[in-house]
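Visitor: The two chains are supplied separately, each in an independent frame; assemble them into the complex guided by the hints.
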Amino acid sequence: MATKNQTIVTAEKGKQEVFIIREFDAPRELVFKAFSNVEFLEQFFAPQNRVTKYEYGNIHDNGSYKYSTLDENGKILCTFKGVIHEVAAPERIIQTAEFAGLPIKGHVVLEKITFESLPNNRTKLTIHDVCMSVADRDMMVTSDMERGLGEIFNHLDSLLLKGF
Amino acid sequence: MRRDIFQAIADPTRRAIIGLIALQAMTPNALAENFQTSRQAISKHLRILTECKLVKQEQQGREIYYSLEIKKMKEIDKWLEQYRKIWENRFSKLDNLLTTMQKPKSTKK
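Sequence lines, in order, name chains W and S. Read left to right, the first sequence gives residues 1 to 164 (my numbering). Read left to right, the second sequence gives residues 1001 to 1109 (my numbering).
Isolated chain S (complex conformation) (with noise of 0.2 angstroms):
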């Protein structure tokens, strides 16, 4: 399975973990907390994330603090490069759907 920052952007709670975990680093009984999911859900996508490189885990005594890996999240930075492609992607239909477009007149010539 993929395992990339967009990925992980890619879920919804996922991205409210994201968010939260922003703030401050959290354990994953307190991140559940804000959520109507399992704490064995939150679990998955923790894992997931963790995965996907975009949160580290940090031992204190018994309990295990959930952070963001700041250094990953820049890679949205990206984004544009991402939304450019988009667009270039669609441009390039339309030149296609421009030439299909101009054809009957030229033909009826």
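The shape of chain W in the complex, shown without the other chains (with noise of 0.2 angstroms):
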């Protein structure tokens, strides 16, 4: 690879946003095709030393999909589901996103996946994560769930908010 893509994560203090950004050296349509195939995202998207795993996926208008990540052993450390909104080849997918494992439902993320065509052949992602509160989203990017570590108690959260 010629040049080295930064990814980027910004998530605002007290904000319920979570924007992750990274340039690709592949045409839109490649990096499109990557993110809207079960058979492609079960390839990248685990972890280190996990595995992806689709029980459904169907990346459409009005699809739906599950998926867990597995530990080396097979294991289950979490699930997710979520319903497809929309499906604009290969500009933009839609979707919603929750995480099966908490014991309280309705923490549910709205996520915006943007594919812009820059020169030369490259493609800029940007990945948009609206949560329903800060608590949610401050426990997405601080839980880490897909480790297997779960998350974090809600005052707990609070707390780091507030900077104790």
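Keep in mind the hints are simulated off the structure, nothing from the lab. Check each hint, because a few of them may be wrong.
Heads up, simulated DSSO-like pairs for lysine-lysine below, C-alpha to C-alpha not over 27 angstroms straight-line [stated by the list, open to error]:
(1) S/1103 <-> W/33
(2) S/1044 <-> S/1085
(3) W/75 <-> S/1085
(4) S/1053 <-> S/1085
(5) W/15 <-> S/1053
(6) W/66 <-> S/1085
(7) S/1044 <-> W/75
(8) S/1071 <-> W/13
Quick list of the computed label-pair ranges, beta carbon to beta carbon [stated by the list, open to error]:
(9) S/1071 <-> W/117: 46 to 54 angstroms
(10) W/72 <-> S/1103: 27 to 35 angstroms
(11) W/66 <-> S/1041: 51 to 59 angstroms
(12) W/62 <-> S/1057: 31 to 39 angstroms
(13) W/72 <-> S/1041: 22 to 30 angstroms
(14) S/1013 <-> W/53: 22 to 30 angstroms
(15) S/1053 <-> W/13: 24 to 32 angstroms
(16) W/37 <-> S/1058: 55 to 63 angstroms
(17) W/29 <-> S/1041: 53 to 61 angstroms
(18) S/1057 <-> W/13: 29 to 37 angstroms
(19) S/1059 <-> W/42: 31 to 39 angstroms
Just so it is clear, CB atoms sit at the ideal spot from N, CA and C, and this is done for glycine as well.
Guide: Have a look at this one:
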């Protein structure tokens, strides 16, 4: 790879949103294809030493998905599910996501994935997540659920927000 | 065994203990009343939390009170970096995938 593409994550304090931005040395159609096919998602989405398995994944308008992250022994660490609001190839995917392991339901994330064409067949990917509360947002980025670390209690999050 | 803040919060009972003592210092007995598990199990979790330096003990008369080590909790502030690393790792795998996805086309030329 000629250049090292930086992964930028911004999560301003006190806001409900997170941005994840990254550029790729590949055309937009291809990056879009990777994000809209279960076969490809399973190949890159799992964190290190983890496996991503889709129970179902219909990445098209009004579709839905459910996947789990497994450890190397095949133990399920966490499960996410959601519905697909819009798939506008090759520009954007809008979907919801919910961590299925939470004791309390209703902590859903709205996610917009945008693919922008850049010169020289490059692509800029922007993932914009909006959570239902600041505490939810902080939990999402804090808890590192995909590594099996689970959620942290709400009042702990509020302590963190206040900076103690 | 790993003894750091992430080990400390890896277990749901320990997270619940953290949640409780974040509000006020508590004795193991008082903590155990909040759980279905045995007093011994709670003590074991408290020992791990202590080893992770996430809680501190304070003797008051005959009782030992456990409270949250606030400074240590701040280590979680590094969380955004952890989260970023997960994505960075994903994306570098995607880089490789995109390269292989492109290959069939270029060889057919």
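Visitor: So, for every hint listed, does it hold in this structure?
Guide: Here is what the structure says about each hint:
Proposed proximity of residue 1103 of chain S and residue 33 of chain W is supported: the alpha carbons are some 15 angstroms apart, at most 27 angstroms. For a cut-off of 27 angstroms, the pair hint linking residue 1044 of chain S to residue 1085 of chain S is broken: about 32 angstroms separates their Cα positions. With a C-alpha separation of about 22 angstroms, the suggested pairing of residue 75 of chain W with residue 1085 of chain S holds against the 27 angstroms cut-off. For a cut-off of 27 angstroms, the pair hint linking residue 1053 of chain S to residue 1085 of chain S stands: about 25 angstroms separates their Cα positions.
Only pairs whose Cα atoms come within 27 angstroms are accepted, and residue 15 of chain W paired with residue 1053 of chain S is rejected, the gap being roughly 30 angstroms. For the given pair, residue 66 of chain W sits about 23 angstroms from residue 1085 of chain S by alpha-carbon distance, which is consistent with the 27 angstroms threshold. For the given pair, residue 1044 of chain S sits about 24 angstroms from residue 75 of chain W by alpha-carbon distance, which is consistent with the 27 angstroms threshold. Taken as a hint, the residue 1071 of chain S and residue 13 of chain W pair is honoured in the structure, with Cα atoms around 19 angstroms apart against an allowance of 27 angstroms.
The hinted window of 46 to 54 angstroms between residue 1071 of chain S and residue 117 of chain W holds, with their beta carbons roughly 47 angstroms apart. Between residue 72 of chain W and residue 1103 of chain S, the C-beta spacing of about 28 angstroms keeps the proposed range 27 to 35 angstroms intact. About 33 angstroms separates the C-beta atoms of residue 66 of chain W and residue 1041 of chain S, a value inconsistent with the hinted range of 51 to 59 angstroms. Distance hint check: the CB atoms of residue 62 of chain W and residue 1057 of chain S are about 55 angstroms apart, inconsistent with the given range 31 to 39 angstroms.
Taking the beta carbon of each, residue 72 of chain W and residue 1041 of chain S are about 27 angstroms apart, inside 22 to 30 angstroms as hinted. The hinted range of 22 to 30 angstroms is satisfied by residue 1013 of chain S and residue 53 of chain W, whose Cβ atoms lie roughly 27 angstroms apart. Between residue 1053 of chain S and residue 13 of chain W the Cβ separation comes to about 25 angstroms, which falls inside the hinted range of 24 to 32 angstroms. The hint said 55 to 63 angstroms for the Cβ distance between residue 37 of chain W and residue 1058 of chain S, and at roughly 56 angstroms that hint holds.
Distance hint check for residue 29 of chain W and residue 1041 of chain S: the Cβ-Cβ separation is about 54 angstroms, which falls inside the suggested range of 53 to 61 angstroms. Separation of residue 1057 of chain S from residue 13 of chain W is about 32 angstroms and conforms to the stated range, judged on CB atoms against 29 to 37 angstroms. A hinted range of 31 to 39 angstroms is violated for the C-beta pair residue 1059 of chain S and residue 42 of chain W, which are about 53 angstroms apart.
The structure fails hints 2, 5, 11, 12 and 19 (numbered hints given earlier, in ascending order).
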